[in-house]
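Chemist: Spelled out from the first residue to the last, the chains are:
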Amino acid sequence: MSVKNISITPGWEKYMTKEYQDLVERGPYGKQKKVSEMGSFKEVLEEHPMCAGCAMTLFIRLTMVGLPNPEHTVLIGTAGCGRLALTQTSIPFIYGNYGDTNAVASGLKRGLEVRFKDQAKDVVVMAGDGGLADIGFSAVMHSWFRKERFTTIMLDNEVYGNTGGQESGMTERGALLKMAPKGKMFEKMDMMGLAQTAGVAYIARLTPTNPTRVASVVRKAVMIAREVGPTFIQAYTSCNIEYAIPTPKVLDDAREIEAKRYGFTEIISDEAKAYLDSIDTSKKVKK
Amino acid sequence: MYLVAHIDQAICSETACRLCTQYCPEANTILYDNAAKTAFVAVDRCKGCEICVGICDDLAKHHAIKMVMITDLENQFEMSREGFRPDHWDGKHS
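Residue numbers (my numbering), protein chains in the order written: chain W, 1 to 287; chain C, 1001 to 1094.
You may find that some hints are simply not true.
[Stated by the list, open to error] To give an idea of the chain C side of the interface with chain W (calculated C-beta under 10 Å), a few residues:
{"hint": "1", "residue": "Leu-1019"}
{"hint": "2", "residue": "Gln-1022"}
{"hint": "3", "residue": "Ala-1027"}
{"hint": "4", "residue": "Asn-1028"}
{"hint": "5", "residue": "Asp-1044"}
{"hint": "6", "residue": "Gly-1048"}
{"hint": "7", "residue": "Ile-1051"}
{"hint": "8", "residue": "Ile-1055"}
{"hint": "9", "residue": "Asp-1058"}
{"hint": "10", "residue": "Glu-1082"}
{"hint": "11", "residue": "Pro-1086"}
I should point out that these hints are in silico values taken from the structure, not numbers from a laboratory. Yeah, the Cβ is synthetic: ideal placement off N, Cα and C, and Gly gets one too.
Required output: the full structure, derived from the provided sequences and hints.
Modeler: As structure tokens, then:
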């Protein structure tokens, strides 16, 4: 949980894998990497077993670039597709039981604030629509009402992709799925509205069609969660298996859905906006 | 055998768009050689999803990426063998 923990004890370099040595020497630590630099630095995400062409993988990869301090971050996830990649990052990952991700994150964040008074530690929950909107719903809502200071990122693929295609609360009305053969009969849950009601400081909805935007939204959400209050990102990350999207068309589908019903939306509280402005001006003064 | 993405470096080096490196869902798979000013593929990490082909054709309009049989490639770059060493790339990989 700091660069010191990641770096290799002198003399032990040759026993570490090549990938690990590369990460320590050419990883994204110390200086915030930009999306435009991707391909020229070693990413914290390694090879993982997620499906070819998965939009969720792309979103996770961009999120890892967006994190302001990957060495001071803890990820929390749960059962679902996302954890297949999240466990392959060089960031501590806690596998919450299904439903308790935001409860675990609340306790962890409070503990870290007591233990590390001088160093901000970021807690980021990344779980699917099922993990956050269905099974973890009460923990999510309560953490927001309690104004717990961490980021919740929903990887919204609108289906239970890992277990064979059951409908989730976030599935669109009428969507035909393997385990919803008559089509879903209810509306998609309005998590953005619920987040607003609960007083979340920063809410964003986006698709991975614009890499720079994904990284900047994640950065903003994590920074606001440090000082102001809970933040929530809802990201459309299509399941190309359950929705039968050919992999070359994954981003075309994302663009189409973005235009139709998933346009980029940002809802930011006055306090959060003032905080963002204050860190921007402090940067300018330093220059 | 299977298909992997292959970047035509003659076309790629004339642009500096780097879009494929940003849209590839796999980490450190499409790499960017700053010395030779071109992107190239770590074939052992490519899962063959063709997202980069669509990006290069439709978004960047450079038409530099094609899917090719892995057996037809010569001098391909494998991350597991060479590691992530940008100082050693220098346009040596196809």
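Chemist: Determine for every hint whether it applies to the structure shown.
Modeler: Do the hints match the structure? See the list:
no.: 1; hint: Leu-1019; result: 9 Å, holds
no.: 2; hint: Gln-1022; result: 4 Å, holds
no.: 3; hint: Ala-1027; result: 4 Å, holds
no.: 4; hint: Asn-1028; result: 5 Å, holds
no.: 5; hint: Asp-1044; result: 9 Å, holds
no.: 6; hint: Gly-1048; result: 6 Å, holds
no.: 7; hint: Ile-1051; result: 6 Å, holds
no.: 8; hint: Ile-1055; result: 7 Å, holds
no.: 9; hint: Asp-1058; result: 8 Å, holds
no.: 10; hint: Glu-1082; result: 9 Å, holds
no.: 11; hint: Pro-1086; result: 6 Å, holds
Checked against the numbered hints given earlier, the structure satisfies every one of them.
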